[in-house]
Amino acid sequence: MAPAVAWLLFLQLVLGPTLVMDINVEDAIKNFQSMHIDYPKVNYPEGFQGYCNGLMAYVRGMQQSWYCPRRHYVVHAPLAEIQKSCKYCESFCENYNEYCTLSEETLPLTICSLEIKQPPTSCRYNSTLANQRLYLLCSQKYDAKPIGIIGLF
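Here the sequence shown stands for residues -16 to -1, 1 to 137, where the numbers follow mature numbering (1 follows the signal peptide of the UniProt record, and there is no 0).
It is possible that part of the hints are untrue.
[Stated by the list, open to error] Here are the simulated lysine to aspartate or glutamate pairs, DMTMM-like style, with alpha carbons at most 20 Å apart:
(1) K71 to E30
(2) K125 to E78
(3) K125 to E99
(4) K125 to D22
(5) K129 to E65
(6) K125 to E74
(7) K125 to E65
(8) K129 to D22
(9) K25 to E74
(10) K129 to E89
(11) K129 to D11
(12) K125 to D11
(13) K68 to E89
(14) K71 to D127
(15) K129 to E88
(16) K129 to E78
(17) K14 to E99
(18) K25 to E78
(19) K71 to E99
(20) K68 to E88
(21) K129 to E10
(22) K68 to E10
(23) K71 to E89
(24) K129 to E74
(25) K68 to E30
(26) K68 to D22
What the hints contain is simulated information worked out from the structure, not anything from laboratory work.
Please construct the entire structure, taking both the sequences and the accompanying hints into account.
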């Protein structure tokens, strides 16, 4: 019985962190897909007072936070188009502790920016449509999936 317990303890100590890391990466990939990709683009009802106000209500609900993010990027392209950029990711971004890359092509996107003058209890956003290259965080060095957008080029 003791060797079986020792073996189980060994597996938990050695493989446990790996499993947790894989779960966290999978969550980050799913999170990216649900919060940064809107393809084909959704049309929100008039009650949401514009695309970004509707979208950011969803984003804040997914984040389970009352905090109003200052800026949020939403790409209107299929995941496969975005994922091409993370195929060979040679750069490591130390500030984010992740691999990062610049998308090869411009992609259609909406930039949701928090309005400056508004009541403190409100989260109202302006929408800006653009076609730009993205600085992406990727899940690993090769054959990676996008897990975040850190800026535009």
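Here is what the structure says about each hint:
1. For the proposed pair K71 and E30, the alpha carbon gap of about 39 Å is over 20 Å, so the pair is violated.
2. This hinted pair checks out: K125 and E78 have alpha carbons roughly 14 Å apart, not beyond 20 Å.
3. This hinted pair does not check out: K125 and E99 have alpha carbons roughly 37 Å apart, beyond 20 Å.
4. Restraint check for K125 and D22: not satisfied, since their Cα atoms lie roughly 25 Å apart, outside the 20 Å limit.
5. As the CA atoms of K129 and E65 are separated by approximately 11 Å, the hinted pair is consistent with the 20 Å bound.
6. The suggested pairing of K125 with E74 holds, with an alpha-carbon distance near 6 Å, which does not exceed 20 Å.
7. Our distance criterion of 20 Å between C-alpha atoms is met by K125 and E65, whose separation comes to about 18 Å.
8. For the hint linking K129 to D22, the alpha-carbon distance of about 16 Å falls within 20 Å, and the restraint holds.
9. Proximity of K25 to E74 is assessed by CA-CA distance (about 31 Å); at most 20 Å being required, the pair is judged violated.
10. Proximity of K129 to E89 is assessed by CA-CA distance (about 16 Å); at most 20 Å being required, the pair is judged to hold.
11. In summary, the hint linking K129 to D11 is supported, as the alpha carbons are separated by about 12 Å, within the 20 Å threshold.
12. This hinted pair checks out: K125 and D11 have alpha carbons roughly 18 Å apart, not beyond 20 Å.
13. With a C-alpha separation of about 10 Å, the suggested pair K68 and E89 falls inside the 20 Å cut-off, and the hint holds.
14. Note on K71 and D127: the hinted pairing holds, with a Cα-Cα distance of about 4 Å set against a maximum of 20 Å.
15. Taking the CA atoms of K129 and E88, the gap is about 15 Å. The hint holds against a cut of 20 Å.
16. Of the pairs offered as hints, the one joining K129 and E78 holds, with about 18 Å between alpha carbons and a cut-off of 20 Å not exceeded.
17. Between K14 and E99, the direct Cα distance comes to roughly 28 Å. Violation of the 20 Å bound is thereby established for this hinted pair.
18. Using a Cα cut-off of 20 Å, the hinted pair K25 and E78 is violated, with the two alpha carbons roughly 33 Å apart.
19. For the suggested pair K71 and E99, the alpha carbons sit about 36 Å apart, so the restraint of at most 20 Å is broken.
20. Taking the CA atoms of K68 and E88, the gap is about 8 Å. The hint holds against a cut of 20 Å.
21. For the hint linking K129 to E10, the alpha-carbon distance of about 10 Å falls within 20 Å, and the restraint holds.
22. About 18 Å separates the Cα atoms of K68 and E10, which keeps this hinted pair within 20 Å; it holds.
23. Using a Cα cut-off of 20 Å, the hinted pair K71 and E89 holds, with the two alpha carbons roughly 14 Å apart.
24. A hinted pair counts as satisfied when its Cα atoms are at most 20 Å apart, and K129 with E74 qualifies at roughly 14 Å.
25. With a CA separation close to 35 Å, the supplied pair K68 and E30 exceeds the 20 Å bound.
26. Straight-line distance between C-alpha atoms of K68 and D22 comes to about 17 Å, which keeps the hinted pair within the 20 Å bound.
Hint violations for this structure: numbers 1, 3, 4, 9, 17, 18, 19 and 25, all remaining hints satisfied.
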